[in-house]
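Participant: Given the sequences, and given the hints that come with them, work out the whole structure.
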Amino acid sequence: MHKAQNITADDVRKIAKLANLKVSPDEVDKFAGQFSQTVEVVNELNEIDTAGIPETYQVTNLVNITRDDVVDHSRILSQESALSQAKKTHTSFFVVSRVIDSTDEI
Amino acid sequence: MKPLHSLTIKEVHEGYKNGDFTCTDLVKHFLKRIEKYNPQLNIYLSLNPKALEQAGAIDREIKEKGIDRPLLGIPFAIKDNFLTLGIETTAGSNILKGYQPQYESSVTRKLLDAGAIFLGKTNMDSFAHGSSTETSDFGPTLNPWNPEHLPGGSSGGSAAAIAAELATAALGSETAGSVRQPAAWCGVTGFKPTYGRAGRYGCIAMASSTDSPGPLAKNIADAALITKVISGQDPFDATTSSLPVDDYPQFLDKQDLKGIKIALVKEYLLPQMRPDVKDLILNAVSKLKELGATVEEISLLDPKYSIGVYTVIQRSEVSSNLSRFDGIRFGHDRDLFCQESKRRIMLGTYTLSAGYYDAYYKKALAVRTKIVDEFSKVFENYDAIVGAVSPGPAQKVGATKDQPMFGEMEDVLLEASSIAGLASAGVPCGFVDNLPIGLQITCAQFNEKKAFEIADCYQRNTSHQVFPNLDETL
Numbered sequence: 005m006h007k008a009q010n011i012t013a014d015d016v017r018k019i020a021k022l023a024n025l026k027v028s029p030d031e032v033d034k035f036a037g038q039f040s041q042t043v044e045v046v047n048e049l050n051e052i053d054t055a056g057i058p059e060t061y062q063v064t065n066l067v068n069i070t071r072d073d074v075v076d077h078s079r080i081l082s083q084e085s086a087l088s089q090a091k092k093t094h095t096s097f098f099v100v101s102r103v104i105d106s107t108d109e110i
Numbered sequence: 017m018k019p020l021h022s023l024t025i026k027e028v029h030e031g032y033k034n035g036d037f038t039c040t041d042l043v044k045h046f047l048k049r050i051e052k053y054n055p056q057l058n059i060y061l062s063l064n065p066k067a068l069e070q071a072g073a074i075d076r077e078i079k080e081k082g083i084d085r086p087l088l089g090i091p092f093a094i095k096d097n098f099l100t101l102g103i104e105t106t107a108g109s110n111i112l113k114g115y116q117p118q119y120e121s122s123v124t125r126k127l128l129d130a131g132a133i134f135l136g137k138t139n140m141d142s143f144a145h146g147s148s149t150e151t152s153d154f155g156p157t158l159n160p161w162n163p164e165h166l167p168g169g170s171s172g173g174s175a176a177a178i179a180a181e182l183a184t185a186a187l188g189s190e191t192a193g194s195v196r197q198p199a200a201w202c203g204v205t206g207f208k209p210t211y212g213r214a215g216r217y218g219c220i221a222m223a224s225s226t227d228s229p230g231p232l233a234k235n236i237a238d239a240a241l242i243t244k245v246i247s248g249q250d251p252f253d254a255t256t257s258s259l260p261v262d263d264y265p266q267f268l269d270k271q272d273l274k275g276i277k278i279a280l281v282k283e284y285l286l287p288q289m290r291p292d293v294k295d296l297i298l299n300a301v302s303k304l305k306e307l308g309a310t311v312e313e314i315s316l317l318d319p320k321y322s323i324g325v326y327t328v329i330q331r332s333e334v335s336s337n338l339s340r341f342d343g344i345r346f347g348h349d350r351d352l353f354c355q356e357s358k359r360r361i362m363l364g365t366y367t368l369s370a371g372y373y374d375a376y377y378k379k380a381l382a383v384r385t386k387i388v389d390e391f392s393k394v395f396e397n398y399d400a401i402v403g404a405v406s407p408g409p410a411q412k413v414g415a416t417k418d419q420p421m422f423g424e425m426e427d428v429l430l431e432a433s434s435i436a437g438l439a440s441a442g443v444p445c446g447f448v449d450n451l452p453i454g455l456q457i458t459c460a461q462f463n464e465k466k467a468f469e470i471a472d473c474y475q476r477n478t479s480h481q482v483f484p485n486l487d488e489t490l
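Chain order of the listed sequences is A and B.
Per the working numbering, residue 5 is the first one in the first sequence, and the count goes up by one each step.
Per the working numbering, residue 17 is the first one in the second sequence, and the count goes up by one each step.
Derived by calculation from the structure, the hints in this document are not laboratory data.
Even for Gly, the Cβ is constructed at its ideal location relative to N, Cα and C.
It is possible that part of the hints are untrue.
What the hints assert, rightly or not - Cut-off 30 Å, straight-line C-alpha distance, at most; resulting in silico cross-link-like pairs (DSSO-like, lysine-lysine):
1) LYS18/B with LYS21/A
2) LYS18/A with LYS18/B
3) LYS34/A with LYS412/B
4) LYS33/B with LYS18/B
5) LYS79/B with LYS26/B
Said to hold, decoys possible - A few chain B residues that face chain A, going by a derived Cβ cut-off under 10 Å, partial list only:
6) THR255
7) LYS379
8) ALA380
Facilitator: Rendered as structure tokens:
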């Protein structure tokens with residue numbers, strides 16, 4: 005059981021970083037209030053005793069659905085098609101931003 | 017003869033057989049109607065550039081072979097979160113503006129294989145994040161019954177396309193209420209199949225553990241036919257079921273509901289529900305009794321708890337699913353997420369983060385178990401649960417402004433059945449303030465046939481499935 009959380013502007017900035025989203029200063033304050041409001045509704049779940057009750061991750065009880073380990077061309081995009089919607093490509097590769105040695109700490 | 021836009025699937029096929037009109041006539045008729053009404057209602061985001069060409073091919077097929085496919089020449093409106101080859105797909109978001117899908121979604125592929133023809137893609141809440149269609153980056157869709165009101169959502173464009181008769185049938189998808197709620201607000205028929213009955217491959221993901229494609233239609237018979245076409249194990253979606261698909265249309269046209277046991281959930285007649293809405297639901301219950309069903313009042317967990325469970329599950333899954341939008345392989349930069357999407361991604365990131373995972377995510381999943389178990393017990397003794405779809409009629413344009421829980425609150429009566437993965441029909445059951453109200457008929461997982469049987473018998477013995485005269489309402 006945990007106490008009701010008040011989500012602060014600092015929390016919002018941290019979450020935004022984790023989610024790789026930019027938030028404006030206005031949004032930071034607005035979201036802090038709105039998130040606290042949402043968490044308050046969620047906290048009503050603490051009124052329900054769930055001791056010893058397992059979690060339900062999926063509802064149709066399927067387990068370990070596998071297929072034969074063979075190449076199925078109907079599941080594969082051609083390289084041309086896979087690259088067709090990318091803004092930046094280079095000799096048949098996607099171009100991504102540099103992450104090594106980046107000063108942007110997570 | 018009825019105007020072409022008013023015909024059901026069965027009536028369109030009769031018209032083709034009798035040579036009353038061609039598929040080209042029908043598609044031209046709809047395109048003209050779309051041109052006339054879409055600028056005001058904002059239902060279609062894009063049109064199929066090849067619709068007329070495809071209609072010509074279908075006409076030749078009908079001439080040669082007759083109607084040998086279940087949806088041959090049926091014009092569809094498709095929610096814009098289904099990938100469609102050759103038609104731009106945006107999920108209502110600027111992030112995907114201009115995106116040309118590289119493959120066809122499983123359910124639209126099945127519709128095409130059954131002979132359907134796509135008129136275009138319909139507006140929706142951005143990434144299906146909402147129950148209003150107001151969070152679309154391309155402006156809200158307006159309700160054909162009264163353009164000062166919202167159509168509901170997230171499949172608001174598809175529901176409004178049916179209400180405004182801008183397509184014969186439509187495809188939507190539901191995570192928690194996104195088919196049944198806009199169907200109710202627009203006064204049309206919607207159906208949410210069991211989770212895993214229809215494949216999710218190529219349906220832009222919102223919450224993968226509840227997302228379910230489903231039809232919006234002019235009546236439950238059309239919905240049954242479409243559901244049959246889109247259902248079945250999908251080799252591209254490992255969560256689909258291998259259970260055989262029932263022949264749903266075979267369960268229609270029952271004379272009465274004798275022997276059917278229905279539960280009316282006490283807690284779902286919310287204290288804050290308008291008395292006139294409550295009356296419509298109780299009238300529907302009387303009608304079901306009159307048709308031979310037995311109806312008993314039962315008690316379930318207060319639906320307010322399903323709001324909390326759904327909010328956590330959905331936002332957690334959203335935060336994971338939407339991490340793929342990085343602007344590298346397709347689409348544009350993450351900066352273009354609308355505020356609602358940002359809120360959902362961030363709250364989900366929070367509930368999944370170290371220190372809060374157990375308190376929020378695991379807790380929600382444990383309460384989900386309780387909800388699932390409770391439904392299982394009910395369905396040991398009853399064929400269906402009935403109740404309102406929404407606490408009230410369509411809300412006004414602007415209602416979602418600064419309401420971070422708008423969708424969750426509006427869908428309070430739909431979340432429990434969605435997080436348990438049940439099958440559920442939504443049918444109109446009357447009007448308040450000249451706006452439609454919907455009834456839900458919810459059955460156990462994979463018991464679609466019973467929901468169709470009950471909804472069809474109710475619909476054929478009432479006259480609530482009606483359509484607005486747009487020249488009067490707009």
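Participant: Against each hint, give a clear statement of whether it holds in the structure.
Facilitator: For each hint, the structure was consulted:
1. LYS18/B with LYS21/A: 58 Å, violated
2. LYS18/A with LYS18/B: 60 Å, violated
3. LYS34/A with LYS412/B: It holds: about 23 Å lies between the C-alpha atoms, which stays within 30 Å.
4. LYS33/B with LYS18/B: 16 Å, holds
5. LYS79/B with LYS26/B: 18 Å, holds
6. THR255: The hint holds - THR255/B has a Cβ within 10 Å of chain A, the shortest such distance being about 6 Å.
7. LYS379: It holds, given that the least Cβ distance between LYS379/B and chain A is near 5 Å, below 10 Å.
8. ALA380: Holds, about 6 Å.
Against the hints set out earlier in the document, violations occur for numbers 1 and 2.
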